[in-house]
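Visitor: Residues per chain are reported as follows:
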Amino acid sequence: MSSLGRRAWLSAAPLAAAALASAGCRRDAEREGGRVVVSLWFSYGGKNREVLLELVRRFNEGQARVLVRPTYQGDYFEALAKVRTALAAGVAPALTHVVGEVVPYLAEAGVLEPLSGYEGARDLGLLPPLDQAGSFDAAGPRELFALPFNRSVPLAYLNGSLVPAAQAPRTWADLRALARDLTRRGGGGEARFGFEVPISWWFWAAMAVQAGGELLGPAGEPTLGGEAGVEALAFWQTLAHRDRTMRPPAGRDYNAWQVTNQDFLAGRAATIWTSAAFLRYLEENASFPVVAAPLPAHARPAAFVGGTFFVLLRQAPPAQKEAAWAFLRWVCGPGPAAEWAERTGYLPVSRGAYEQMLARGFYEKHPNDRAALAQLEAAHPWPWRPELFRVEREIVEPRLERAVLLDEDPRAALDAARRAAREDG
Amino acid sequence: MATGPTLRPRAPWHPWLMLAPTLAGLGLFAVAPLAVAAYSSLLRWDMLTPPAWVGLANYRALARSGEAWRAFGTTLLFSSLVVVLTTGLGLGLALLLSRPGRFAAFARAAVFSAYVVSWVSVALLWMWLLDPDAGLVARAFAALGLPRVGFLTDPGAALPTLAAVTAWKITGYAMVVFVVGLQDVPRALLEAAALDGAGPWARFRFVVWPLLRPTTAFVATSSLVVSFQAFDVVRVMTQGGPAHATTLFVYAIYEQIFLNLRVGRASALTVLFFVALFALSLLQFWALAARARGAGRKATPPRPPAEAAPPPAREAAP
Numbered sequence: 001m002s003s004l005g006r007r008a009w010l011s012a013a014p015l016a017a018a019a020l021a022s023a024g025c026r027r028d029a030e031r032e033g034g035r036v037v038v039s040l041w042f043s044y045g046g047k048n049r050e051v052l053l054e055l056v057r058r059f060n061e062g063q064a065r066v067l068v069r070p071t072y073q074g075d076y077f078e079a080l081a082k083v084r085t086a087l088a089a090g091v092a093p094a095l096t097h098v099v100g101e102v103v104p105y106l107a108e109a110g111v112l113e114p115l116s117g118y119e120g121a122r123d124l125g126l127l128p129p130l131d132q133a134g135s136f137d138a139a140g141p142r143e144l145f146a147l148p149f150n151r152s153v154p155l156a157y158l159n160g161s162l163v164p165a166a167q168a169p170r171t172w173a174d175l176r177a178l179a180r181d182l183t184r185r186g187g188g189g190e191a192r193f194g195f196e197v198p199i200s201w202w203f204w205a206a207m208a209v210q211a212g213g214e215l216l217g218p219a220g221e222p223t224l225g226g227e228a229g230v231e232a233l234a235f236w237q238t239l240a241h242r243d244r245t246m247r248p249p250a251g252r253d254y255n256a257w258q259v260t261n262q263d264f265l266a267g268r269a270a271t272i273w274t275s276a277a278f279l280r281y282l283e284e285n286a287s288f289p290v291v292a293a294p295l296p297a298h299a300r301p302a303a304f305v306g307g308t309f310f311v312l313l314r315q316a317p318p319a320q321k322e323a324a325w326a327f328l329r330w331v332c333g334p335g336p337a338a339e340w341a342e343r344t345g346y347l348p349v350s351r352g353a354y355e356q357m358l359a360r361g362f363y364e365k366h367p368n369d370r371a372a373l374a375q376l377e378a379a380h381p382w383p384w385r386p387e388l389f390r391v392e393r394e395i396v397e398p399r400l401e402r403a404v405l406l407d408e409d410p411r412a413a414l415d416a417a418r419r420a421a422r423e424d425g
Numbered sequence: 001m002a003t004g005p006t007l008r009p010r011a012p013w014h015p016w017l018m019l020a021p022t023l024a025g026l027g028l029f030a031v032a033p034l035a036v037a038a039y040s041s042l043l044r045w046d047m048l049t050p051p052a053w054v055g056l057a058n059y060r061a062l063a064r065s066g067e068a069w070r071a072f073g074t075t076l077l078f079s080s081l082v083v084v085l086t087t088g089l090g091l092g093l094a095l096l097l098s099r100p101g102r103f104a105a106f107a108r109a110a111v112f113s114a115y116v117v118s119w120v121s122v123a124l125l126w127m128w129l130l131d132p133d134a135g136l137v138a139r140a141f142a143a144l145g146l147p148r149v150g151f152l153t154d155p156g157a158a159l160p161t162l163a164a165v166t167a168w169k170i171t172g173y174a175m176v177v178f179v180v181g182l183q184d185v186p187r188a189l190l191e192a193a194a195l196d197g198a199g200p201w202a203r204f205r206f207v208v209w210p211l212l213r214p215t216t217a218f219v220a221t222s223s224l225v226v227s228f229q230a231f232d233v234v235r236v237m238t239q240g241g242p243a244h245a246t247t248l249f250v251y252a253i254y255e256q257i258f259l260n261l262r263v264g265r266a267s268a269l270t271v272l273f274f275v276a277l278f279a280l281s282l283l284q285f286w287a288l289a290a291r292a293r294g295a296g297r298k299a300t301p302p303r304p305p306a307e308a309a310p311p312p313a314r315e316a317a318p
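So the protein lines, in turn, are chains Z and Y. Going letter by letter, the first sequence gives residues 1 to 425 in my numbering. Going letter by letter, the second sequence gives residues 1 to 318 in my numbering.
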C-alpha cells in the first residue's frame, strides 16, 4: 500500500467507524420491498414449529404491508436469555413469546410494550382462563402486556392398550395403585414403569394446590404450599423410591420432557404427565392408542395454565411494533387460533376459535382435546409477582430434583427453598 | 571478539513500545473484562432494570448457599479424573502405538480422530451410546449380566462419566504428544540400559519415564486447562444435573447469568474462579521452582575442601 493510500485509509477509518456506530445506534424499522420487516423470535420445535411457520407464511402471503421473519431461539429459557441480552444491547426483536411466569418480571422491568392502546386490543374475545387477566391473580386492574397464544395445561397420558380411558386415575391414590399395577420388572431392573413425570415445578405446583396449598401467603410471602407442598413432594418420592413405580427422567428442563415423551412412546412408561402441547405429537407417533385425562385430584382438582404469551418489546421502532400488532391480531383471530389448536394440542385462545372448533365437530372427533378443556376448568391463577420465575427456576426446581433423586427430606428441602426465597426477596 | 548490533534499547520507552500490542490485547481482552466482572460482582443487576450496589452481598449469598464451594469441589474432582485418565491412557496408547507399520499408523489416526470432532458431536454420540435403555453400553452391560447403570442419571455416576467422555476426546492429542516425546528418547540410552541387563520395565522406569517428565507435565497441564474450561459436554449431556452433580464452575457461571439472569452473582463466581486458578498457578510455580532448586542441588558437584571454608565472619555490630 502506498503511503498516500495508507494516509487516505487512516483518515477514512474513523469516519467509517463513526458511520457504522451511528447505523448501529439508530433503530429504524427495516423494510424489504416496501414492507416492514418484523422479527419474531420463537421457541417451538418439531410439529409446533411446522405449524407456526406455516401460519407465518400464510400471513406474509396474505398481505403486502408486513413481512414477519421468524427465528428459532432454543427452548423457552434459552430464548428468554437471548431476549434479555438483546434488550441490553438495544437490538431486541419486535415480537417474541415468553412463559407466563416471566410476564410479571418483564412487565415490571418496563421492557414490554403496553398493548391496550393498540387497535382492537380489547376486542379479541380471548378466553378468560387463558388471557393475561385470567392467568394471574386478581390484584386490581393492570395494563395489558401479553396476548395468549400457545397456552396449555398439564395432562395425564395413558397407554390405551394397557389402560382403558374409564380407568384413568381420578385421585393420587388411584394413580399410585395404577402405577403399581402397570410396572413390570425385568432381569436388570424395571422393564416398564407405571408412571413418569418430569421433575418440574409446573407439575409439583399443581399437586401442591391439589393438596390444598397455595404458593404464596396472603401478604405475598412464599409459602410454597406449606404442608401441601411437602405432601406433593413426598408423594413423588414414595412412587420413585418406596414403590419403585415412577421413573424420574434423565436430563433437566426440556431434555427431561423429551425423555418422558420418548419413554412413553417406546413403552418404557405406561402413563406420563406432560403438557397438552404434546397431544398431537404423541397421538401421531404412538403405536398404541393414547388416552389423555386431567391430572388426578387430591383435596381438590387443580392445575396451572402453562405455555407462553406473545409480547411486543418496547424498545422496537414504532413502525415495527405496529406491524407486529397486525400479525398478532391476525394470528389470534378465530381462524388461525383454531387451526393452531387443532394441529398442535394447545388450547384455543379465543371464544371465536373455540366456537369454530365446536361447529366443526372437532371435540367429538378428538376426545383427548376435551380432557384439556376439562383440565382448564380446574385452572389456578399464577400470582402476579416479578420474582415468581426466579422462585420457580432458581429456588424450587433444583431442590425438587435433588429431593426426588436423592430421596432427601421433603420438608427440609422446601424449608430451605422458603428461606432462600425470603432472603432473595 | 566481533561486536554485533547491541540489543540495548536506544530509549527507555522502546521496550514498552514493542510490548504495546500484546499489552493492549491483554488489557482489552483479559484485564478489562476481569475488572468489569469484579465491579459487576458488587451489583445486583439483571441487565433489564438499573443495577443496584449491594457490596459483598453476592459473595455472601454464594458462601451461604455453598454454591461456590460445591462448584469448585466438583470441578477439582472432574479435573483430577480427566488429567489422570488422559495422561495414563495417552501414555499407554503411545507406548503401544509408537512403532512403525501401517496398523500402528492407522490406530494412531483413529485414536486422534476423536480430538478433531466437535464437543457437541462427541456429547451427542456418547448420550446415544450411554442411553440406559437403548444404548450400546447398556446393552453390553445387560449381555454381560451387569447391573443397569444410569450413567447420566445417577448422581454418583454422572461426573465420572463426563470425565471419561472428556478424556476419550482429548486422549488422542495426549497420545500424539507422548509419541513425539518417546521419539526424543535417545536410542543409545535404551541400548546401553539393555546391555546392562535392564528389562522392558526397568528401561521404562529408569530411562524413558525420567526423560518423559517434561512431556507428561505438558500433557497434564493442557488436560487441566481443557477440564477447567469444560462446558459443552455438561450443557449437552447433563445440564449440570442430576442434582447438581455435574455443575462445573464454568457451567455454574453460565447458569447464573443466562438461566437465573443474575449478572452480579455470575461475576462474583467469575472472580472466585479467577482467584482459585491464580492460587493454583502460584502453587504450580512454587512446585516447579522447588523442583528446580532440588535438581540444582543434586546436579551441583561436592565442593572441593578448599572452597568448603566457613562463611566469613560477620562484621561486628557497631
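Heads up, a few of these hints could be off.
Said to hold, decoys possible - Facing chain Y, from chain Z, some residues (calculated, C-beta under 10 Å):
| hint | residue |
| --- | --- |
| 1 | W330 |
| 2 | E355 |
| 3 | A359 |
Said to hold, decoys possible - Now the in silico label distances, taken between C-beta atoms and shown as ranges:
| hint | chain 1 | residue 1 | chain 2 | residue 2 | range |
| --- | --- | --- | --- | --- | --- |
| 4 | Y | S222 | Z | R49 | 52 to 60 Å |
| 5 | Z | P381 | Y | S113 | 50 to 58 Å |
| 6 | Z | T238 | Y | R60 | 31 to 39 Å |
| 7 | Z | A266 | Y | P160 | 42 to 50 Å |
| 8 | Y | P160 | Z | K365 | 30 to 38 Å |
Honestly, the hints are just simulated from the structure, not real lab data. A quick note: this is a predicted structure, and the numbers were derived from the prediction, not measured. Every residue gets a Cβ at the ideal spot worked out from N, C-alpha and C, and that includes glycine.
Visitor: In ascending order, which of the hints set out earlier in this document are inconsistent with the structure?
Guide: 1, 2, 3, 4, 7 and 8
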